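**Student:** Sequence order for the protein chains is A and B. Residues 1 to 470 (our numbering) are what the first sequence spells out, left to right. Residues 1 to 439 (our numbering) are what the second sequence spells out, left to right.
Honestly, the hints are just simulated from the structure, not real lab data. Values in this document were obtained by computation on a predicted structure and should not be read as measured data. Note that CB positions come from ideal geometry on N, CA and C, so glycine has one too. Mixed in with the good hints, there may be bad ones.
[As the list claims (entries may be wrong)] Listed below are the simulated PhoX-like cross-link pairs for lysine-lysine, each with C-alpha atoms no more than 25 Å apart in a straight line:
1. A:Lys229 - B:Lys267
2. A:Lys6 - B:Lys82
3. A:Lys124 - B:Lys45
4. B:Lys233 - B:Lys82
5. A:Lys79 - B:Lys82
6. A:Lys145 - A:Lys87
7. A:Lys25 - B:Lys358
[Claimed, not checked] Simulated DEER-style distance windows between Cβ atoms:
8. A:Lys462 - B:Glu124: 32 to 40 Å
9. B:Asn79 - A:Gly274: 49 to 57 Å
10. A:Asn122 - B:Asn79: 18 to 26 Å
11. B:Glu419 - A:Lys371: 25 to 33 Å
12. A:Asp216 - B:Thr121: 54 to 62 Å
[Stated by the list, open to error] Which residues of chain A face chain B? A few of them, derived with a C-beta cut under 10 Å, are:
13. Asn88
14. Glu103
15. Thr191
16. Val346
17. Ala413
18. Gly467
For reference, the chains in residue letters:
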Amino acid sequence: MSKILKNSELDLSSANSIVSETLNKCDDGELYLEDSKSEAIVLDDNKIKSSSYNSNLGYGLRAVTGDVVAYSHSSDLTKKSLNEASKNLKSTLSSSNGTYNFEIKKTNKKYYTEQDPIEAKNFKSKIEILNQVNEYVRKKDNSVKQVTATLLGEHKSIEIIRNGGEILTDERPLVRFNVSVMLEKNGRKETAVYGIGGRQNYDAYLKETDWKNVCDEALRIASVNLNSKPAPAGEMQVVLGPGWPAILIHEAVGHGLEGDFNRKKTSAFHNLVGQRVASEGVTIIDDGTLENRRGSLSIDDEGTPTEKTVLIENGILKNFMQDRLNARLMKTKSTGNGRRESYKHVVMPRMRNTIMLNGKHTQEEMIKSVKKGIFAVSFGGGQVDITSGKFVFNCTEAYEIIDGKVGSPIKGATLIGDGPSALKEVLMVGNDMMLDPGIGTCGKAGQGVPVGVGQPSLLINKMTVGGTQL
Amino acid sequence: MLEYNNKLGDIVDQCISKAKKSGATDVEVALIKNTSETVSFRNQKLDESDRAENIGLSLTAYINKKKTSVSSSNLNNENLEKLISRCIDSAKITPDDEFNSLPDKELFFKSSKELDLLDDTHIENNKKIEYLKEAEEVAFENPKIVNTNGSSFSESKTEVILGNSGGFKNGYKTSNFTAYCEVVSKSNGNMERDYEYTSKRHFENLLKPVELGSNAANFAIRKLKPQKINSGKFNVIFDKRISKNFLNYFTNAITGSSIYRGTSFLKDKLNKKIFSEKINIIDRSDIKRANGSKYFDNEGVQIQNLSLVKNGVLNDYLIDTYYGRKLNLSSNGRSGGTTNLYFENGDKNLKDLMNSNKKIFYITETIGHGTNIVTGDYSVGAAGMMIENGEFAYPVSEVTIAGNFNDMFKRIVLANDLEFNYSTNSPSMLIEDITVAGK
Numbered sequence: 001m002s003k004i005l006k007n008s009e010l011d012l013s014s015a016n017s018i019v020s021e022t023l024n025k026c027d028d029g030e031l032y033l034e035d036s037k038s039e040a041i042v043l044d045d046n047k048i049k050s051s052s053y054n055s056n057l058g059y060g061l062r063a064v065t066g067d068v069v070a071y072s073h074s075s076d077l078t079k080k081s082l083n084e085a086s087k088n089l090k091s092t093l094s095s096s097n098g099t100y101n102f103e104i105k106k107t108n109k110k111y112y113t114e115q116d117p118i119e120a121k122n123f124k125s126k127i128e129i130l131n132q133v134n135e136y137v138r139k140k141d142n143s144v145k146q147v148t149a150t151l152l153g154e155h156k157s158i159e160i161i162r163n164g165g166e167i168l169t170d171e172r173p174l175v176r177f178n179v180s181v182m183l184e185k186n187g188r189k190e191t192a193v194y195g196i197g198g199r200q201n202y203d204a205y206l207k208e209t210d211w212k213n214v215c216d217e218a219l220r221i222a223s224v225n226l227n228s229k230p231a232p233a234g235e236m237q238v239v240l241g242p243g244w245p246a247i248l249i250h251e252a253v254g255h256g257l258e259g260d261f262n263r264k265k266t267s268a269f270h271n272l273v274g275q276r277v278a279s280e281g282v283t284i285i286d287d288g289t290l291e292n293r294r295g296s297l298s299i300d301d302e303g304t305p306t307e308k309t310v311l312i313e314n315g316i317l318k319n320f321m322q323d324r325l326n327a328r329l330m331k332t333k334s335t336g337n338g339r340r341e342s343y344k345h346v347v348m349p350r351m352r353n354t355i356m357l358n359g360k361h362t363q364e365e366m367i368k369s370v371k372k373g374i375f376a377v378s379f380g381g382g383q384v385d386i387t388s389g390k391f392v393f394n395c396t397e398a399y400e401i402i403d404g405k406v407g408s409p410i411k412g413a414t415l416i417g418d419g420p421s422a423l424k425e426v427l428m429v430g431n432d433m434m435l436d437p438g439i440g441t442c443g444k445a446g447q448g449v450p451v452g453v454g455q456p457s458l459l460i461n462k463m464t465v466g467g468t469q470l
Numbered sequence: 001m002l003e004y005n006n007k008l009g010d011i012v013d014q015c016i017s018k019a020k021k022s023g024a025t026d027v028e029v030a031l032i033k034n035t036s037e038t039v040s041f042r043n044q045k046l047d048e049s050d051r052a053e054n055i056g057l058s059l060t061a062y063i064n065k066k067k068t069s070v071s072s073s074n075l076n077n078e079n080l081e082k083l084i085s086r087c088i089d090s091a092k093i094t095p096d097d098e099f100n101s102l103p104d105k106e107l108f109f110k111s112s113k114e115l116d117l118l119d120d121t122h123i124e125n126n127k128k129i130e131y132l133k134e135a136e137e138v139a140f141e142n143p144k145i146v147n148t149n150g151s152s153f154s155e156s157k158t159e160v161i162l163g164n165s166g167g168f169k170n171g172y173k174t175s176n177f178t179a180y181c182e183v184v185s186k187s188n189g190n191m192e193r194d195y196e197y198t199s200k201r202h203f204e205n206l207l208k209p210v211e212l213g214s215n216a217a218n219f220a221i222r223k224l225k226p227q228k229i230n231s232g233k234f235n236v237i238f239d240k241r242i243s244k245n246f247l248n249y250f251t252n253a254i255t256g257s258s259i260y261r262g263t264s265f266l267k268d269k270l271n272k273k274i275f276s277e278k279i280n281i282i283d284r285s286d287i288k289r290a291n292g293s294k295y296f297d298n299e300g301v302q303i304q305n306l307s308l309v310k311n312g313v314l315n316d317y318l319i320d321t322y323y324g325r326k327l328n329l330s331s332n333g334r335s336g337g338t339t340n341l342y343f344e345n346g347d348k349n350l351k352d353l354m355n356s357n358k359k360i361f362y363i364t365e366t367i368g369h370g371t372n373i374v375t376g377d378y379s380v381g382a383a384g385m386m387i388e389n390g391e392f393a394y395p396v397s398e399v400t401i402a403g404n405f406n407d408m409f410k411r412i413v414l415a416n417d418l419e420f421n422y423s424t425n426s427p428s429m430l431i432e433d434i435t436v437a438g439k
């Protein structure tokens, strides 16, 4: 039974016969159906600035042979359109002669509710919350000049129809609540953003203590930055706080361990399996099975159940993250990392929740041991060049460390490092592992997918800090 | 005068009248239809083909000063009716915003010269593959090119139709052809990647595959065996690929929203000097065949050509209807941003800039998003080449550059090598005395 096709002009038996006719000489492929709803409500400048609701329906038909992928997608869910897609795929792969790979492990495990968060809370109460947030933030601090508060909700139903009639389904809720503030004091302006979210209903994140905490964090970071001085420039020791700073892990090693870049041998890590890529004591996993987390998935976008994949164990590179195509070509199995932004996009190996596990040191020990360096607590985004391994990320809250003591806050600066060597420079791994608050979106080849990160505090021996003070 | 699909135009009309019947006082509907075909090619064979046919409709309903929007890819009648009634229901309980409204009628697009934005040519997939094959072959002629991240060729046709209850309805078609080639060079275990990319409205204006492939290869090879330099102050030249980003930082700071909200380092700088007097910045919507050209903005407003900076002085903001009303200014057709945005040429050639000091850091790549439009602070990762006595000496990577736009903008010196390759274009740029953090 297909819930998505029930409301379309395409019937399941036609869909099945087109799928089997298209894929019978291929190595892999599927018909991916998606019915998604999303909303965004934005309060800005004391007013509800916009509210929008989006409903999307579409399909993607994929045929894979060898290392060649043919894909055709459309928002027109009809037999005519699907037939044209099939014709296009068959002509692209006209000489194909593969063996269809049927097997997908089954699971009944679900890591989140099936409920649609948009419908689970009425529109009026969402507006009320945003107004309360605005009022609370402006009352709390009279240097507040601007407040933007956003609620984002999404519910995505997917169905994967495989050759032979098998249907794999998933229902994915996702919400996010963000507050951004601008403060102005003595002619100086600073902004800060904080947010929370995950795969539950809004109410799980919007208890009064929760939303107030988000507001307080945004205010705290902005006020710290009002007193920040120019950041130093050059190589120095860096202490990273726990939680969201793990985008370091995501950029420095995560992307480089995605199967596609390694199958193509364009990643700086492609020939390093079994070798030391990080200090002893550094263990990194990519986990799709954490309940209600933003990066979690019950099954990936090819239907493979997700798992907890060990990437680096005690400093030694163990595994890459795989989708079905790259796993088959590298003679291994999919790790359930095959993801796509929507039916408009092809599947690629992508991260889920990428986490460095606890070590035994305390943050105090780390800070005490630094003569001159910085303590980075909060971050904006990051980016990596997979091939050269160079990566950056931007601090949004950081302090100088002088002689083992945390000093003045410093202005936002970019930190740059080299992926394959950065984690070998880890001197201490903390015992305070924290997951991020549920706000990450990762971009790759034009596709954005929700992800999570986590880590304990870390002391890194040497990174280049991109400030202005020499 | 402009041409669009009447059937799609009818859907726009129907949606407007349905929403009006359900209680909307004003309605705006945009419909976008896109078909595209992309072929990716890697190591001398087909890697991926992608064919797309998508449609999207978005509708904004006003009930006096209340406003909400809906959008969908499902144009089925029943679905649209459900969405419209959902939209009206939400609008009813959305608080008033006195600045919500359609644009003034007299600002609607009236006429324009023909911009030649559609090339109807269909390039068959095997032709696309031939193009990419030639590009990769050329790139691989150099033995230092050892791998490829793939090349791709995409062709797309887009149709936009916009209508509102104020009597505006118009639409037009555009085309786009894009080719991209990214290769990997290697020397003693060090791998570097770089790319070349060409994107045009008309197929015949694309770079030839030989240029695409050889440029990508040359860029990737010149990055091999980079050094990390010592931290210090350097005179920096930004390659044209990078210098155009400064125009984006600048325009982000002069949109109606950032000016009104006060979240811009250029707030209160109108009619003040923010660049040296040799700098002029233009945004022109009516350049024939150009990537950024369009007939009207996202609200149907006629787009004025703007001289945003004249002799270094900030002359104008980017204004849409909503922020125009807030700022007491008229929309200049920038709902949807800039069009063809560029720095006018400077008076020196690139060689002169390269010889302006014994040692110059020539930046070909930045990485990261370290720009803060509120404070003007700038800090990004950078890579490129060290120039010594006017000649390329050695590649540089894993460093950062940092500064503040208020100060950097005033010190921008431009070369005279402007080309119109993208929708935002800049000549090569020199800024002296930038902090580079390295070893």
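**Student:** Against this structure, judge whether each hint is valid.
**Tutor:** Each hint, compared with the structure:
1. Restraint check: the Cα-Cα separation between Lys229 of chain A and Lys267 of chain B comes to about 22 Å, which is no more than 25 Å; the hinted pair holds.
2. At most 25 Å may separate the alpha-carbon atoms for a hinted pair to count; Lys6 of chain A and Lys82 of chain B meet this at roughly 17 Å.
3. About 55 Å separates the Cα atoms of Lys124 of chain A and Lys45 of chain B, which puts this hinted pair outside 25 Å; it is violated.
4. With a C-alpha separation of about 61 Å, the suggested pairing of Lys233 of chain B with Lys82 of chain B is violated against the 25 Å cut-off.
5. Annotation: proposed proximity of Lys79 of chain A to Lys82 of chain B holds, straight-line Cα distance about 24 Å (limit 25 Å).
6. Proposed proximity of Lys145 of chain A and Lys87 of chain A is contradicted: the alpha carbons are some 58 Å apart, above 25 Å.
7. A C-alpha spacing of about 63 Å is found between Lys25 of chain A and Lys358 of chain B, which places the hinted pair above 25 Å, so the restraint is violated.
8. Distance hint check for Lys462 of chain A and Glu124 of chain B: the Cβ-Cβ separation is about 53 Å, which falls outside the suggested range of 32 to 40 Å.
9. Taken as a hint, the range 49 to 57 Å holds for the pair Asn79 of chain B and Gly274 of chain A, whose Cβ atoms sit roughly 53 Å apart.
10. Our hint of 18 to 26 Å for Asn122 of chain A and Asn79 of chain B holds, since their Cβ atoms are close to 22 Å apart.
11. For Glu419 of chain B and Lys371 of chain A, the hinted distance range of 25 to 33 Å is not satisfied, since their beta carbons lie about 50 Å from each other.
12. Between Asp216 of chain A and Thr121 of chain B the Cβ separation comes to about 58 Å, which falls inside the hinted range of 54 to 62 Å.
13. A hinted interface residue such as Asn88 of chain A counts as satisfied when its beta carbon comes closer than 10 Å to some beta carbon of chain B; here the least separation is about 5 Å, so the hint holds.
14. Below 10 Å, beta-carbon pairs count as interface contacts, and Glu103 of chain A has none with chain B, the closest being about 24 Å; its hint is therefore violated.
15. For Thr191 of chain A, the interface hint holds, the least distance from its beta-carbon to any beta-carbon of chain B being 5 Å, beneath 10 Å.
16. Evaluation of the Val346 of chain A hint against chain B yields a held restraint, the C-beta minimum of about 7 Å falling below 10 Å.
17. The closest approach between the C-beta of Ala413 of chain A and any C-beta of chain B is roughly 5 Å, which is under the 10 Å cut-off, so the hint is satisfied.
18. The interface hint given for Gly467 of chain A is met, as the beta carbon of that residue sits about 6 Å from the closest beta carbon of chain B, less than 10 Å.
Hint violations for this structure: numbers 3, 4, 6, 7, 8, 11, 14, all remaining hints satisfied.
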